[in-house]
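*Asks:* Order-wise, the sequence lines are chains E and D.
Using the numbering used here, read the first sequence as starting at 1 and increasing by one per residue.
Using the numbering used here, read the second sequence as starting at 212 and increasing by one per residue.
No wet-lab data here; the hints were simulated from the structure.
There may be inaccurate statements among the hints.
Said to hold, decoys possible - Calculated Cβ distances over 10 Å to all of chain D for the following chain E residues:
| hint | residue |
| --- | --- |
| 1 | L18 |
| 2 | P55 |
| 3 | H83 |
| 4 | A84 |
| 5 | K125 |
| 6 | R175 |
| 7 | G178 |
| 8 | I179 |
| 9 | A191 |
| 10 | R208 |
| 11 | G211 |
Unchecked claim - With a straight-line Cα cutoff of 25 Å, these simulated BS3-like cross-link-like pairs (lysine-lysine) come out:
| hint | chain 1 | residue 1 | chain 2 | residue 2 |
| --- | --- | --- | --- | --- |
| 12 | E | K119 | D | K336 |
| 13 | D | K330 | E | K125 |
| 14 | E | K119 | D | K330 |
| 15 | D | K227 | D | K330 |
| 16 | E | K125 | D | K336 |
Where a beta carbon is used, it is the ideal one built from N, C-alpha and C, also for glycine.
Protein chains: 2
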Amino acid sequence: MLPTITAFERSPDGGKGLARDTRVRWALEEVGQPYVVRLVSFHAMKEPAHLGLHPFGQIPTYEEGDLALFESGAIVLYIAERHAGLLPDDAHARARAITWMFAALNTVEPPILELVTAKILEGDKPWTAERLPLVADRVRQRLGQLSARLGDADWLDGTFSAGDLMMVSVLLRLRVSGILDEFPNLAAYVARGEARPAYKQAFAAQRRRLG
Amino acid sequence: MLPTITAFERSPDGGKGLARDTRVRWALEEVGQPYVVRLVSFHAMKEPAHLGLHPFGQIPTYEEGDLALFESGAIVLYIAERHAGLLPDDAHARARAITWMFAALNTVEPPILELVTAKILEGDKPWTAERLPLVADRVRQRLGQLSARLGDADWLDGTFSAGDLMMVSVLLRLRVSGILDEFPNLAAYVARGEARPAYKQAFAAQRRRLG
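Using the sequences and the accompanying hints, generate a full structural model.
*Replies:* Shown next as structure tokens:
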């Protein structure tokens with residue numbers, strides 16, 4: 001039985017790959033696991049059937065037999081732990097790769113989300129023009145630290161891992177702001193992620209809204 | 212050899228337990244693992260020696276032999292996977308507990324962090340008085356969904372797990388705002404977490420700044 005994930009019936013970004021189902025699709029493609037996609041409308045996401053799967057009324061979810069998961073980080077980790085290709089075999093290297101997943105989601109993404117929120121939810125507020133540069137500077141601070149750690153390495157800790165998958169996915173949300181390009185090694189890192197065949201397949205699939 | 216964690220030499224909250232070392236201390240207490248604490252000053256956190264351990268210049272870190280980790284989520288998961296007491300044995304229940312860890316850190320904490328940031332980093336800005344209610348409403352939206360899911364259960368998914376440890380820790384940051392008390396079942400849930408002997412030990416230890 002193939003796992004089933006959910007994705008937006010109409011993605012708010014119009015297919016740019018920024019919705020969180022892309023992260024899960026990418027992980028499934030990296031490990032060669034076929035999957036089924038169920039599209040969910042904005043209306044249906046807030047209905048009891050979907051809230052039973054995802055208490056916060058979002059996508060993606062992951063169903064496999066009688067297992068149901070939500071949260072892209074948890075789903076990617078679940079996939080990575082059960083297939084070869086996304087986590088190193090060495091226990092210490094594995095723990096470090098998982099550390100980068102959490103760093104992407106809990107340290108790097110929050111200021112990026114705040115920038116996105118400022119534009120989308122507060123774009124019409126009188127303070128936004130003056131406030132946006134402050135928020136952008138908080139993003140730059142994190143990116144400066146990440147850039148210093150990455151240096152001229154290809155990936156964050158040795159070979160490509162679920163940590164890189166998640167960090168690249170988070171950084172991709174910044175491209176439209178221009179901030180990513182202020183850090184050439186991070187822009188090149190993101191481009192390396194996007195050049196992976198599995199990413200390309202995942203990106204194409206989310207554009208077609210299919211698995 | 213005991214694991215060593217880092218904590219603030221002087222915690223910005225003056226010992227209220229909101230710094231992220233408390234989450235790691237709590238996990239170590241739940242599983243009965245003694246540990247050593249190394250205190251780090253704000254100055255030293257931005258120096259190369261600490262940045263080598265934690266690229267974002269924060270606490271906590273976790274060192275055990277030649278393993279070095281950062282990110283409280285990753286550290287708690289590492290501890291939970293290697294000791295009994297924080298993750299169920301059943302594989303599906305285990306994956307769901309880990310899902311709640313990610314939900315705490317990537318879905319519930321970001322709007323709470325935004326509220327904290329608005330007060331601390333933008334408290335002196337002319338827009339903050341008008342903007343704070345908007346940010347608080349985004350927190351309420353998430354808490355409403357979480358409250359609906361928790362219902363009258365003691366914990367998020369069966370027995371207490373690392374998912375509850377992380378969710379309670381995240382919600383504790385809200386108490387000062389008064390928003391937590393608008394959701395009585397969540398306030399009671401947090402109180403259940405705080406009543407656990409392991410939490411009490413961790414809280415007392417962070418106040419003393421010791422392991």
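*Asks:* Take the hints in turn and mark each one as holding or not.
*Replies:* Structure-based check of each hint:
1. L18: Holds, because the least Cβ-Cβ distance between L18 of chain E and chain D comes to about 15 Å, which exceeds 10 Å.
2. P55: At roughly 4 Å from the nearest Cβ of chain D, P55 of chain E sits no farther out than 10 Å, so the non-interface label is violated.
3. H83: Holds: least Cβ distance 14 Å, greater than 10 Å.
4. A84: It holds; A84 of chain E is separated from chain D by about 18 Å at its closest Cβ, greater than 10 Å.
5. K125: Non-interface label on K125 of chain E violated, nearest chain D Cβ at 7 Å vs cutoff 10 Å.
6. R175: 20 Å, holds
7. G178: 22 Å, holds
8. I179: 17 Å, holds
9. A191: 21 Å, holds
10. R208: 27 Å, holds
11. G211: 21 Å, holds
12. E:K119 to D:K336: Roughly 18 Å separates the two Cα atoms, so the pair holds.
13. D:K330 to E:K125: 18 Å, holds
14. E:K119 to D:K330: Given that 25 Å is the threshold and the Cα spacing comes to 20 Å, the pair holds.
15. D:K227 to D:K330: 17 Å, holds
16. E:K125 to D:K336: 14 Å, holds
Checked against the numbered hints listed earlier, the structure breaks hints 2 and 5; every other hint is satisfied.
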